[in-house]
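2 protein chains.
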Amino acid sequence: MTRHDRPLILSLFEMGSVVHLSPGTWTHPEDRRHGVDSLSFWRELGGILEQGRFDQLFLADVVGAYDSAEDGLRSPVSQGYQIPALDPLILLGALAESTDHLGLAATFSTTYEPPFAFARRLATLDALSEGRIAWNVVTSYLKNAAQNFGLPDQVQHDTRYEIADEFLDVVYKLLLGSWDSDAVLGDTQTRTWADPDKVRYIDHKGRHFSVRGPHLVAPSPQRLPVIFQAGSSLTGMAFAGRHAEVVFLGGNSPEAIRANVETIKSHAAASGRDPDQLRFLAAAQVIVAPTEEQAHAKAAEIDRCRSDWAALQKNGRIPGLERYPHEELVADIIRRRDPGHEILIRGWREGQRVKDLRGSAGAGGRARNGLRVVGTGAQAADALTHWAHESGLDGFNIGNQISFGTIRDFVELVVPVLQRRGLARTEYTPGQTLRERLLGAGPGPHSTHPSSRYLDPSNLKLPAAPFGARLTPA
Amino acid sequence: MTRHDRPLILSLFEMGSVVHLSPGTWTHPEDRRHGVDSLSFWRELGGILEQGRFDQLFLADVVGAYDSAEDGLRSPVSQGYQIPALDPLILLGALAESTDHLGLAATFSTTYEPPFAFARRLATLDALSEGRIAWNVVTSYLKNAAQNFGLPDQVQHDTRYEIADEFLDVVYKLLLGSWDSDAVLGDTQTRTWADPDKVRYIDHKGRHFSVRGPHLVAPSPQRLPVIFQAGSSLTGMAFAGRHAEVVFLGGNSPEAIRANVETIKSHAAASGRDPDQLRFLAAAQVIVAPTEEQAHAKAAEIDRCRSDWAALQKNGRIPGLERYPHEELVADIIRRRDPGHEILIRGWREGQRVKDLRGSAGAGGRARNGLRVVGTGAQAADALTHWAHESGLDGFNIGNQISFGTIRDFVELVVPVLQRRGLARTEYTPGQTLRERLLGAGPGPHSTHPSSRYLDPSNLKLPAAPFGARLTPA
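Residue numbers (the numbering used here), protein chains in the order written: chain A, 1 to 474; chain B, 1 to 474.
Be aware that a few hints might be false.
It does not matter which identical chain is meant; a pair holds if it fits inside one copy or across any two.
Derived PhoX-like pairs: lysine-lysine, alpha-carbon spacing no greater than 25 Å straight-line [to be verified]:
{"no.": "1", "residue 1": "Lys298", "residue 2": "Lys265"}
{"no.": "2", "residue 1": "Lys205", "residue 2": "Lys298"}
{"no.": "3", "residue 1": "Lys143", "residue 2": "Lys265"}
{"no.": "4", "residue 1": "Lys265", "residue 2": "Lys198"}
{"no.": "5", "residue 1": "Lys143", "residue 2": "Lys198"}
{"no.": "6", "residue 1": "Lys205", "residue 2": "Lys461"}
Hints listed in this document are in silico derivations from the structure and should not be mistaken for laboratory results. Remember, it's a predicted structure, so these values are computed and weren't measured experimentally.
Bound conformation, chain A alone (with noise of 0.2 Å):
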């Protein structure tokens, strides 16, 4: 069940905004969070991460502001809470030229946007970078982003599954059905760039998209970049079960995750896919020093920068969290596993400092929404092998309390402590894409994934899936 003969999946949970998930702590004297619109600190954040040998950086987005309490914009515009933000796939590109190794990993919504040139850009990116691209599916959840994209308010929640689920299906035509694997020849002695034989329309006609292709982007090294996805409502797993290769889950305690790695894994076998291809993360605050002492002192200086989010709440002017009444936010975590939700409510719960309210992640750890380690680099790898044991996680998606402070302090000592035991990578694997890395594999997406149909060009001619339908051939 567990998985301590391999190294733990390594990812950094950012985004291109001053307040990502910590609020107040950019006034932090040693963070270094106004410099975000620049290359340079993404430069430098990447080579940080390759030095510890991270498997990934994965980008959070939303596409609006979190205007809905009564102060309409005023708490996150001057909180920086999630806006300014850029662009991720515009970061993911000057990533990819800062970067040797990393993996780099894009939210992107399917609800606003055109499946075809989302498909051009992400295999653009994976072509770039020779196959380090990742893509976290999300459907968003702000009523702001559906009006910048013409909507009065959100598509509805079921409604934007499905719309994934058809703009997965052209994405997946478009990647690996419209061009073969070997269509480009570059032959010069017969002048034939690609063979067109090879090279094919989609015609994809569904309910929400109509697409005729081709691709414009040649078979990059992966094919298709690696799914990731968030979503834990009921309608959220299923669409894990059916698409995703890595889940990023929530979860208070290791019992609570492992309970939905089992019911994610229960829908990928429903769907026809191999479980064992699946790989799962879960949120991690990781606050070290060399001395367990120093660590606490470190953690407190930081929580003292954090904004106060509870005195905002009382007023009103947290965005959004207005919906959540704190008595009944406990059993809302646990009704609601919307990724959206879960991201207010993991802000807010920081900020509220409330106390920890189920299980606990051993030495120096305690559960808040995932994990949160203050101590020792031996202290920190203990508790999160024991948490990755005892619920059956890959590895952990570690934010940012300070930048770069503590992700440095992770990689100078955290990291050689787990490769000391053999649970993190001393080395990269030169040429390998970061689906091989992540799921011991090949570059492409697995045989029983749903995208793998379309290898067989003559599945472009079957009707297109129904919702929630298994997408494998009969």
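Take the given structure of chain A and dock chain B to it, following the hints.
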């Protein structure tokens, strides 16, 4: 009238495709376009251009295949004719990282994607590159492009420009009206990231778009990337007069170009703009060597590698060109100035090796579509200067004939001559934005440009300007 007192604008016209405008030259033994989907290709190209102190790299784009001939995809795919083609916005993200001073222009169509997401990508690029971005506004012309975005056929020509006007209006509102230039405070004492009184919704409701805002990116160095445009239909020239800061002109002679320059300037004046705030480029093909004989030998070798488009066209296999009977072509070039058609014609004429029909470009120069020069560096410098003088051009958009041979020759043999004559810069000015370099004024759009009205946020409340109307406030 002439601008010999200031450097010529030097631009490289490129595309993320094995073939941009010179079909078949990828078969040349020295050509490097096999690597067009690798970062090392673009890094090396950027380095050559910065060595030559070029103003910019200008990326063309299409969002569909040239499949309107009888054989559909066969000819464009086998020739690699603008397919595959990498996404230019992603390429610019990588180039922002691999270059330091080069201007970076991407083509993007206003017809198929939502303006909110594009505005964010554009502003992200401008922020990360520290103000080196330009946007070449196009409306698309391929039927296949429309089919990739859910439409049965092209949007009608004038409607495309109507959409483009509104798309630009939305982009202007987001980039100039939504955030005041001094909105971001980053004040650790008051714990205020941005002043909420200086950030606002745009609440755009027009015929084609409804966009609430706020814009998601804080003001970038240029606020609005430099607006390029290449339309030379009657509608396109009026559009250029309203919006464009740099116009890429067709025309087979200095006189024809001068007429277009004057037409567009008069459109600019009629819409309240300062016509001196526009710059004009034409295409140039430059093949140079230390001696004239070597240059002609080089040109002959390149021409031998070109695809025989005449024969292909005879067989009805040049995509799109079946609409252009040979005998009507010249009249058609003059009559119809749709940029899409011009690009097709340019490729076709090159392949046909037609005799020059009008005008001459001075020593070593011959007029095709734009200028073709074969000769020594001094002869090329003479021809470029002569054409700029005769036509009122500010500079040239130079095509790669073989990569990177011809552009490296240009940098090594033509640029030093222009530099000695004071017609090319010898150093970049550190910290200068692209707009400052091209237009010699401030980093933001000129006060008479229609975007500038939104620096006064009260103008956000005005009704959307009707198509073709003056956009400056009364």
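Verification of the supplied hints:
| no. | hint | result |
| --- | --- | --- |
| 1 | Lys298 <-> Lys265 | neither (38 Å within a copy, 62 Å between copies) |
| 2 | Lys205 <-> Lys298 | neither (56 Å within a copy, 50 Å between copies) |
| 3 | Lys143 <-> Lys265 | neither (31 Å within a copy, 43 Å between copies) |
| 4 | Lys265 <-> Lys198 | neither (35 Å within a copy, 48 Å between copies) |
| 5 | Lys143 <-> Lys198 | between (43 Å within a copy, 22 Å between copies) |
| 6 | Lys205 <-> Lys461 | within (10 Å within a copy, 40 Å between copies) |
Comparing the model with each numbered hint stated earlier shows that hints 1, 2, 3, 4 do not hold.
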